[in-house]
Amino acid sequence: MGSQNTARRVWGPWSVIDEVPLPELPLAPLEQAGAPAILVREAAVPAPGADWQQITPLVHRAPDGTLRFEVPDIAAFLVSGDGWTVSVAPASGAEAGDVRLFLYGTVQALLAVAHGLLPLHAATMAKDGRALAISGASGAGKSTLAAALSHAGWHLVADDVTLVGASPAGPLQVSPGVPRVKLWRDMVEGFGLTTDGLARTRMELEKFQLLPAHGMAAGPVPLAALVLLEAPPPGPLGTPPPPLTLTRLRGQEAFLGVESAVYRRRLVGALMPAKQRLAALGGLASRAAVHRLVRVQSLAALPEVLAALEGVLACNPVGAAGAAQP
Amino acid sequence: MMAGESGLVLIASFPKSGNTWVRLALASLMRGGAPLSFPAPVPDIPICASRLRFDELMGVESADLTPMEAYRLRPAMLRQWAATPSEPRILKVHDAWGRTPDGESLFPPEVIRAVVHVVRDPRDVCVSFAAHLDVSIETSARYLSQGLWMARGSRPVIQLPQWLPPWSEHVLSWTEDCPCPVLTIRFADMRADPRGTLARIAHHIGLDSPADALDRAVAATTLEAMAAAERSFGFVERQSKNNQFFGSGRVGGWRGVLSQPLGDSIREAHAAAMARVGLNE
Numbered sequence: 002m003g004s005q006n007t008a009r010r011v012w013g014p015w016s017v018i019d020e021v022p023l024p025e026l027p028l029a030p031l032e033q034a035g036a037p038a039i040l041v042r043e044a045a046v047p048a049p050g051a052d053w054q055q056i057t058p059l060v061h062r063a064p065d066g067t068l069r070f071e072v073p074d075i076a077a078f079l080v081s082g083d084g085w086t087v088s089v090a091p092a093s094g095a096e097a098g099d100v101r102l103f104l105y106g107t108v109q110a111l112l113a114v115a116h117g118l119l120p121l122h123a124a125t126m127a128k129d130g131r132a133l134a135i136s137g138a139s140g141a142g143k144s145t146l147a148a149a150l151s152h153a154g155w156h157l158v159a160d161d162v163t164l165v166g167a168s169p170a171g172p173l174q175v176s177p178g179v180p181r182v183k184l185w186r187d188m189v190e191g192f193g194l195t196t197d198g199l200a201r202t203r204m205e206l207e208k209f210q211l212l213p214a215h216g217m218a219a220g221p222v223p224l225a226a227l228v229l230l231e232a233p234p235p236g237p238l239g240t241p242p243p244p245l246t247l248t249r250l251r252g253q254e255a256f257l258g259v260e261s262a263v264y265r266r267r268l269v270g271a272l273m274p275a276k277q278r279l280a281a282l283g284g285l286a287s288r289a290a291v292h293r294l295v296r297v298q299s300l301a302a303l304p305e306v307l308a309a310l311e312g313v314l315a316c317n318p319v320g321a322a323g324a325a326q327p
Numbered sequence: 041m042m043a044g045e046s047g048l049v050l051i052a053s054f055p056k057s058g059n060t061w062v063r064l065a066l067a068s069l070m071r072g073g074a075p076l077s078f079p080a081p082v083p084d085i086p087i088c089a090s091r092l093r094f095d096e097l098m099g100v101e102s103a104d105l106t107p108m109e110a111y112r113l114r115p116a117m118l119r120q121w122a123a124t125p126s127e128p129r130i131l132k133v134h135d136a137w138g139r140t141p142d143g144e145s146l147f148p149p150e151v152i153r154a155v156v157h158v159v160r161d162p163r164d165v166c167v168s169f170a171a172h173l174d175v176s177i178e179t180s181a182r183y184l185s186q187g188l189w190m191a192r193g194s195r196p197v198i199q200l201p202q203w204l205p206p207w208s209e210h211v212l213s214w215t216e217d218c219p220c221p222v223l224t225i226r227f228a229d230m231r232a233d234p235r236g237t238l239a240r241i242a243h244h245i246g247l248d249s250p251a252d253a254l255d256r257a258v259a260a261t262t263l264e265a266m267a268a269a270e271r272s273f274g275f276v277e278r279q280s281k282n283n284q285f286f287g288s289g290r291v292g293g294w295r296g297v298l299s300q301p302l303g304d305s306i307r308e309a310h311a312a313a314m315a316r317v318g319l320n321e
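Residue numbers (the working numbering), protein chains in the order written: chain E, 2 to 327; chain U, 41 to 321.
If we strip away everything but chain E, and leave its shape as in the complex, we get (with noise of 0.2 angstroms):
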């Protein structure tokens, strides 16, 4: 862990210094050698104390707003409440890998929080200078439709984790997060590649690193829309699924759709005062154009979901224009 291997990288919105070293992070340019960046560093992280508030049993917050998170045998982490530093605790014979799979996971929630801004579980796309996010449960798709729109020659902005910038002015943005797309065994097979020479998630896992088949975003990208993916109800024994539809959601509607699609929704919510929550929301329902997916989750219905996407992003123009009737 030497500072003489630190590098000065880009992670989402920020500039890190990765004392820790943050390989998949791309370095940061030239231009943003004396910006504030945020320290991530080796140190101890203390248990939590008596006075500090359980926000979930790994999540915990300090009087002074230090927060600390904990995944037991892998690593503790504390994000100061200014959030300029992050100190890493890894446990003993922890993987490095793995110790970055969370830090780039929840850390980065708890990151995203202390700097104001409201983390969305969505993948992120951009294409023609323009962004979707795709968001929706664990398991519903998001970073299945990455990979295929990555292949169909859109550039990955983010996965799994979607900082959306809330400046007051100008339109909405998505900087570039980490650039991987963390895919099932199962869904990388069926895009007719293969997991050899892929790293995995966890050793334990299925779970692989596929690069994006078109690159990253060079920068940050405004946001043209939110799409919600949703599986269909299932009908009776034997009846085919019902045909893919795709709704424009508006007023509170669109606003519970933002609020359905932030990651870690019970524990942003803990940790974020409500006014600054309820005005991100309220900013990203009202300049983000905001649609529900509902299509069956195979393989076989891509084709069709692209162009549904493809659709989305043609009549969403961004900046002024969000808003346009599709």
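In short, the hints are calculated from the structure, not lab data.
Please read all numbers here as calculations on a predicted model, not as lab measurements.
From the three backbone atoms N, C-alpha and C, an ideal C-beta is built for every residue, glycine too.
Incorrect hints may have been included.
[Claimed, not checked] Label pairs and their computed distance ranges (CB to CB):
#, chain 1, residue 1, chain 2, residue 2, range
1, E, SER299, U, THR106, 23 to 31 angstroms
2, E, GLY270, U, THR262, 39 to 47 angstroms
3, U, THR179, E, THR7, 53 to 61 angstroms
4, E, GLY171, U, ALA123, 37 to 45 angstroms
5, E, PRO24, U, TRP189, 29 to 37 angstroms
6, U, GLY72, E, ALA271, 28 to 36 angstroms
Starting from the known structure of chain E, arrange chain U on it as the hints suggest.
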């Protein structure tokens, strides 16, 4: 169940033993005996091993954890569940009562108010389980004698992996080892006297059961009515591509399906546990 009431109620059973029927009857009773709406009739009595609930209650993605890591966190998940008033108070359970490798109770007794334990003749379970999983009768019988992992494929599904020990061990874990108040009811009791059995269950878990609500709940949730509703609207918990979730529910229905030797071998293998819960009558 009153909102904010402390302690969780578990509806525990080996799969295909009548757990869903009990949940449907309770769900109707809690609504004063109202009919239920398919394909998702019991959203308020979810399975305790729900992956989505784990992720939300713990604040970590269970799909990034190994099955054993997630299993070891389940006691903490259940304590968090109990401490979250907005979460349902009645849970479906297919696990056996047991301990994690850390020695903790999988279901921390201090947050469990009552357990309704549902048992069914293992020969009927064998037939129903085969239809549910789309496997042969012989494979189903092997699951009953050897135990099986549920929801543990190469990729996660909506439930966390659950280890089901052999049928006898599963039954006895609830009747012998669980220190919480356990009411064991037999599928055949539900069949023969649904109203009386539902009243006993309601009493055990502290749920009001006015006579008219009981009448309506029993009428709304006959096996025949549920099978008909599933035929018309589907059912979210159906797993099989070939068979409805709700079968005939005929007590002793195994007789026409299992070969005599297979039926005998199941009875012999599980005789002690069957006797313990009164399944030999």
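Honestly, do GLY171 (chain E) and ALA123 (chain U) meet the 37 to 45 angstroms range at C-beta?
-> Since the Cβ atoms of GLY171 (chain E) and ALA123 (chain U) sit about 42 angstroms apart, the hinted range of 37 to 45 angstroms holds.
With respect to the beta-carbon atoms only, verify the hint that GLY270 (chain E) and THR262 (chain U) lie 39 to 47 angstroms apart.
-> holds (41 angstroms)
C-beta pair PRO24 (chain E), TRP189 (chain U): status relative to the range 29 to 37 angstroms that was hinted | Once the Cβ atoms are compared, 35 angstroms apart, the range 29 to 37 angstroms for TRP189 (chain U) and PRO24 (chain E) holds.
Take the C-beta atom of GLY72 (chain U) and the C-beta atom of ALA271 (chain E), compute their distance, and say whether it sits inside 28 to 36 angstroms.
-> holds (34 angstroms)
Evaluate the given range 53 to 61 angstroms for the C-beta pair formed by THR179 (chain U) and THR7 (chain E).
-> With a Cβ separation near 56 angstroms, THR179 (chain U) and THR7 (chain E) satisfy 53 to 61 angstroms, so the hint holds.
Is the distance from the Cβ of SER299 (chain E) to the Cβ of THR106 (chain U) consistent with 23 to 31 angstroms?
-> holds (27 angstroms)
Violated hints are absent here; each numbered hint is respected by the structure.
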